[in-house]
Every structure is written in C-alpha cells, then in structure tokens.
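Enquirer: Here the protein sequences line up with chains A and B, keeping their order.
So for the first sequence, this note's numbering puts the first residue at 1; every next one is plus one.
So for the second sequence, this note's numbering puts the first residue at 1; every next one is plus one.
Incorrect hints may have been included.
[Said to hold, decoys possible] For the chain A half of the interface with chain B, some residues (derived, Cβ under 10 Å), not all of them:
hint : residue
1    : Val54
2    : Ser56
3    : Asp65
4    : Val100
5    : Phe104
6    : Asp163
7    : Val211
8    : Gly230
9    : Asn233
10   : Ile235
11   : Ala237
12   : Arg275
13   : Val386
14   : Gly391
[What the hints assert, rightly or not] Just the calculated beta-carbon pair ranges, DEER-fashion:
hint : chain 1 : residue 1 : chain 2 : residue 2 : range
15   : B       : Val99     : A       : Leu46     : 56 to 62 Å
16   : A       : Asp163    : B       : Leu48     : 45 to 51 Å
17   : B       : Arg357    : A       : Thr35     : 48 to 54 Å
Source of the hints: derived by calculation from the structure; they are not laboratory data.
In this text, all values refer to a predicted model and were calculated from it rather than measured experimentally.
Idealized CB from N, CA, C, for every residue including glycine.
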Amino acid sequence: MTEQQAAVPAPAPEPRRTRLTAGVLIEAVTEGSPTIITILAIFSALVVGGVLIVVSDPVVLRAWDSLGYAPGTALSSTWQSVASAYSALFEGSIFSPTTVANAFHGGSIAAIFYPLSLTVYEATPLILTGLAVAVPFRSGLFNIGATSQFLGGAIVAAWLGADVSLPLVIHLVVCVAGAMVGGAAIGWIPGALKARTGAHEVIVTIMLNYVMANLLLYLLSGHHLLQAPGQPNQIAAPVAGNAVLPHVGGPPPQADLGFLLAIAAAAGVAWLLSRTTIGFQFRTVGANPNAARSAGMSVERTWVRVMMIAGSLAGLAAATVVLAGGSPPPPLVPSTPGTYGFDGITVALLGRAKPAGVILAGLLFGALNAGGTNVAGLTSVPVDIVQVLEGTIVLFVAAPPLIRSIYRLRSAAGTGMEDFAKGWNG
Amino acid sequence: MTALTTAVRLPRADVRAYVAGGSFIGLGLVDVLVFTRHHGDAVFALSLPGAGVQVPDVHVPAVPTVLALGLVTIAAGFVRALVDLSSLAKRVLIGVALVGSLFALLCWADASNPVGSMNLIDLLQGTVFAAIPLVLGALSGLMCERSGVINIAIEGQLLTGAFAAAIVSSAVGATVGLWFGLLAGSLTGGLVGALLAVFAIKYLVDQIILGVVINLLAIGFTNYLYDRVMVPYANLNAGNFFTPYKIPVLGDIPIIGPIFFDSTVILYIAYILLIVIQVALFSTRWGLRVRAVGEHPTAADTVGIRVLWTRYRNVILGGMVAGIGGAYLTVGSTGQFSTGISSGFGYIGLACMIFGRWKPFGATAAALLFGFCRQLGQELQLLNVPISPYLLAMLPYVATIIAVAGLVGRVRAPAADGKPYIKA
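Please model the entire structure based on the sequences and the hints provided.
Expert: Given below as structure tokens:
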C-alpha cells in the first residue's frame, strides 16, 4: 500500500497553510521530508540501541527480576544504564560539561574542544572513503574495494614519507599526491578489467582487498622493503616530520589539515559531478548506460575514469591516516586500514551518495566512533554497540516507508535513494 | 575516444588469441627456465597417513618431467595463438596449459624439499573444506537472486549462523546438540534472510544498501553477544564439532574416498543442497516460476504467480542455506566461535555466484578453484618454497581475478535482480 502512495506525487498544499511558516513546518514534519525522516531514523536507532544496552546489562536485568516489589529500582536502573551509556557517547564525541567547569577553574580551554577534534579526526578518512564509494555509485558501479585502494595509497604514502627526504611542504605534497596516485592505480584495475573484459567490478574489488592486504603484510615483513629497521614486528618506518599533515589551530589532538583536504575533496567531487562534462558523463552512464552509449559517450572509458577517481579519493583517505598529525604519527601497520573501506560504503549510503551528505554522514559516524571508545571506557557497554547503532541508523534511513509507518506520517514522493546503482547489470 | 573503443573491439578474437597464446608460452618458459632448478625426484603421496587402503607414493624425476610439461605448454601457446580453433579445442588447450604448469610448479616445489613430500590427498581435501562455506553461501545468493532479490547479506548470514550453531550446540551438549546447533544455524540464517526480505520487499530498501547494512549489524550483534555471553560463560562456546563420518563403501575408494566421502556431514548436506537446488531451479515447474519472477515479475504476475510470496520464500530459504554454511564454520570445523569468523567468506561466495553465472554448478566450480588455490598456497608453504607466505596467500584472489577477467568475461544477472516489484 505504502509503495503505491509513494509513487503518487504529494498533493499540493492548501493555500491557507502555506502562508504560515509554522504550518509549513508542521507539514514538513507530518509528511516526512528527508531531513525529518533522517532525524527520526537516528532517534529510532538510538531507541533500538537503548533496548540492547538494557537487555544486556546484568544490573538492570536483576532489578527487573524484582519488578513486583521494587518497580522504582527497575525503572531507575534502566534509565541509569541507558543514560550513562549515551551521555558517555555524547561527551566523548561532542562536548563534555566537566571540561567547561575545569576551564573556569584554571584548566585548559582547548580541552573543551577535545571531543569535537576526536570526532573530526575519526570522520576525515570516513568522508574520503565515503566519497570513494559514492562517486562509483553515481555511475552505476559498486566499489567494495575502497580498502584495496586505501592500501595502495597507504603503501605509497608510507614509502615516500619514510624513504625519501625532501624539503618542508614539498615532501607533504609529494606524499599526498603519491597516495592519490597509488589509490588511483589500484582503482584502475577493476575499471580497466570491466571495460576490457567485462569482469564484474564487485568480484575484482573484493579480491583486490585481499590481494592488497597480503601485499602490505609482505612489504612489512622485510627490512629491505617497508619494515622499520631493527623492528621484529610488522611496522613500517615512521614518516619523516616534513611529511606530516600540519595541525589546524592549537596543539594535538586538534584537527589536522586532513580534515580540510576531505572537505575540499568533497567540494571537488560536487563540482566535478554537477558542473563538468566528465561528471555529466559519470551520471549519465550511471542513469542509463545504453543511452550514454547512444549519445556517443564511451561507457568503458567512463568506468575506468570513475574507478581511478574513486581510487585516488581512497588513497587520499590513506594519506590522512598515514600522515596524520599526531606526534609522532602512528606508523603503518597491518591493522591501519581497519574498516575504513567498508565504513565508506555505509557513509556513502547514509549520505545518499551526495558530497554534502557524505560529509554529514562521515561526521556522524566519526562522532559515533569517537564516542564509542568513551562508552567502552566509562561504562560496561562494549564498543560494538556503535556498530549496531550505525547499522540501524542506515537501515532506518534507507527505509522511509518503515519510518513513516512507525510514526504514522503521511507519505511524500520519493525515497531520496534514486541515485544508486540498483543491481548487478548496472 | 570512439577510435580507441573500435580499435579494441574489432580484432578482439585475434587479440584474445595472441594474449592467451602469449601467456601460455610465458607459463611454459617459467616452467623450463625456473622450475628446472631442483634435481632429484618429486614424491607425491596419494593417501593420508593411517588410511585403511594405502596407495603407493608416486615418484617422478623432477627435471625431465618439468621440461616436458614446459615444452607442451609452450606448444599449446603457439597453437592457441596461430591456429583458428573451435571453442572446445580452446578450452582443452587452456586446461593443458594450466594443469601442465601446475604440475611443473608442484614438481619443482616438491623436489626442492628432499624431506617432505606433497600429499595430493591433503591438497584436494583442503580444497573441498575451503569450498564448503563458499558453495553454501553462493547457493544462498543464487536462491535469492534467481527470484530477483540481491543478497549481499551472505556474510551476515554466515556469521550469525556460525554464532547460533556454536551457542546452541554448546548449550544442548552431546552429539544431538550438534544437530540442534546445525538447525539453529540454519534457522538464524533464515531469520536474517527474513529481515532482508521484509526490508527489501515490503519497505523497498535498496538491496545493495540493505545487504551491506545487515552485514554491519551481524558483525555488531555477534561481537556484542560474544563479549556479553560467550566470554563470561565459556561453556556456551565449548567447541563441539562433528567428527568425520565415512560413508560406507564410497569412503573406502582409494584417492576419491578420503576427499569426498570421509568428511563432515555438512559436506554431504552441501552435496544434497547443490543437486536439489540445481534440479529444482532448472528442471521443475517451481524453478521455472522462480526464474520467471526473477526475470520478468510483471509477466509472472500476469499469469498468476505470486511474485512477492515467491521472493519472500526464496530469500528465507536462501538464508537458511547460508546459515548451514555458517554452522560449518563452527560445528563443522573446529567448533569454537570467534568474532568475525566468517572473515569475508560471504563476499567471496558472492563473487563465486557471479563468477559461476548464477548457476549452482558454476558457482561450485568457482568455489573449488578458489579453495584449491588457497590450499595450494598453504601446501607450498609447508614445503618451504622460497616464496613469501604472504605472496602465496594472494594466490586464490589473483587466480579468481585472472579467471574472471580472462575466462568468464561479461556476465548477466537475472533481469529483475535488485528491482523491487510494485504491483501496478
């Protein structure tokens, strides 16, 4: 039923209502504009997460056992459990009131912004890998291989950062550019194979993730390769000071230049997709490859370009991690790529494959990751709750009909997800 | 840019012949120039130690064998490049070149190590073991996608199935517990399938998004429950597993028996599912209807097939198949659950399904290729070949890329795959 209504365009609002701003606002709420849907989805995910926190907290469960004679204890311990977890999440990622109180009593003012800087720091690679997935999505390709492209960039950045010595600024520029080239080279493989032989990009990107992970292990297992001299463990040599991304404002752990690069990359992608011929070709090939071919565009060449751009974005993500402005920056180890590549998929999906959306989604996930560490540290809730929250948020955001039926909203047209690749056949 | 595409497109058959022939010759040259370095005999064991029926080991003089294989491969390369062949002859030549080079590699590796010998049974048994979760995962994907629902959630189904099988088999205990564990794994996979079905079919969520999200949720949930349940109560992760069951008569056949008929029951279940799904999809009215729903749901609906019901049923059944694959990872092998135990098998299974062109036997062949390369890498490592273990570990992935790019090429998914059906 809902789908039928969704297909029908929203009825024109009554004239009397449009004059009132409050009325328009109410209508936006009751009809469920994409923003409202997203907010409600995040709220619903937090409710689901809260339920999970409660049912897995032994203290709360014991209190509920004695619900009959001490109902107050049961309810208060439930509230306690959820509230402490979520306030730890908030304080770890956005702002903690205690730091303000401390600042008034002679503490550091910079400490107030510490949680926010952690969020930004966590968000930086997520925004970039999110873009690395979003651009192919808009062109009908599914890039599961942001991890491999990230690794390609990370290897080049670590090599140029440690084994080459160049003057200030130039070294950093060379390293960042090298990482982008490294990522683009790995991105080129699935694009070119798809263009030349029709090999499906999903298979090739999945396989390349493992190939590159093993390549990194190999490179970190020999001192003549990338392994740090005198190190028995698989650790790369540290990056030279000249190649480290400088901080933006204040001492560590303030945000470094990487975040600005991520924002600039998102702006660049937005410009590319909406203002250039190449971007138009990307979107056309994504919307209808046959039409693109009839119009004289080379679908094959577009695939290669898309994947190379995606790869360079993932490589840039690697640069922001490998050259991160810590002091000293954390060296490249086998676990460095983490889950950035796969998180990029969820970030791209949550951001609806649009650059501005990807920035916001990256910041949200960055906040959840930063806060999650705090939750695990301060409460008995495991850090995995963050993954469940992230998954639930995307699930709800991607299912507007569900949110509408939960909150009894009237339906509006569209789901906001029309820009995606819808299947294997492109 | 059109000039480039046409330049590539027109003589494609010729280019292919030269590329294929050239790579055969390259393989042959590697055989002749590199693999002839170790003298002595290569010894291949054809039975496992302690097996009832012992087959004598095969001794081959390494250098002459490798030389002969290399020359045959080079000859195959010249024939492939210069002679116009039928497609059957092309396939035979690919087989000759690949099998020849493979044996040359094995002879070289084996002769390099005077103490150890390559056990071919071990190699093939490992191949089958590695392929089991991939085959079951690919069958799950196939069941869903033939009815028009993309299933990227195979990874999540394997993971949750593995978790449920471990915890239920430990809780029930004894041998009967294993069967309950298997059932629980299957049902949990089906439950994840049901989640996929409801969101994809009823709430019209983009199915690629949905699959990725379900995998994320599966990782989150299993890690969370592992920390909360299995770590404090270690007896709920006791590590029970099915002991190998030898099928009477068949299991005693030399060489074949130990590989295919003396193994975990989940392998036998996989045989049954493979055949049942193949026959059901391609030789029954049921399968014709499923495929109609996956190819052209409107037409199927017009003739009275219940499109949404078919999709719900297939996605849930597919989830149950993947759940069995998940159960294999715990109760089918070492028994214990560890976080992230599915380690990408779901995604590789997905790749096998695409590689096998959405056909059960095709997917199985892909899974076996993958499993073989993986096991080969491990066996070569045991023989101490002078290649980094990390580079050997790349073997299955590189082989899959080459196979997909070189042999399979463009594939076509069911036409309505991934498109929600909205009744007009």
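Enquirer: Under the constraints set out in the numbered hints, which ones does this structure not fulfil?
Expert: 1, 3, 4, 5, 6, 8, 9, 10, 11, 12 and 17
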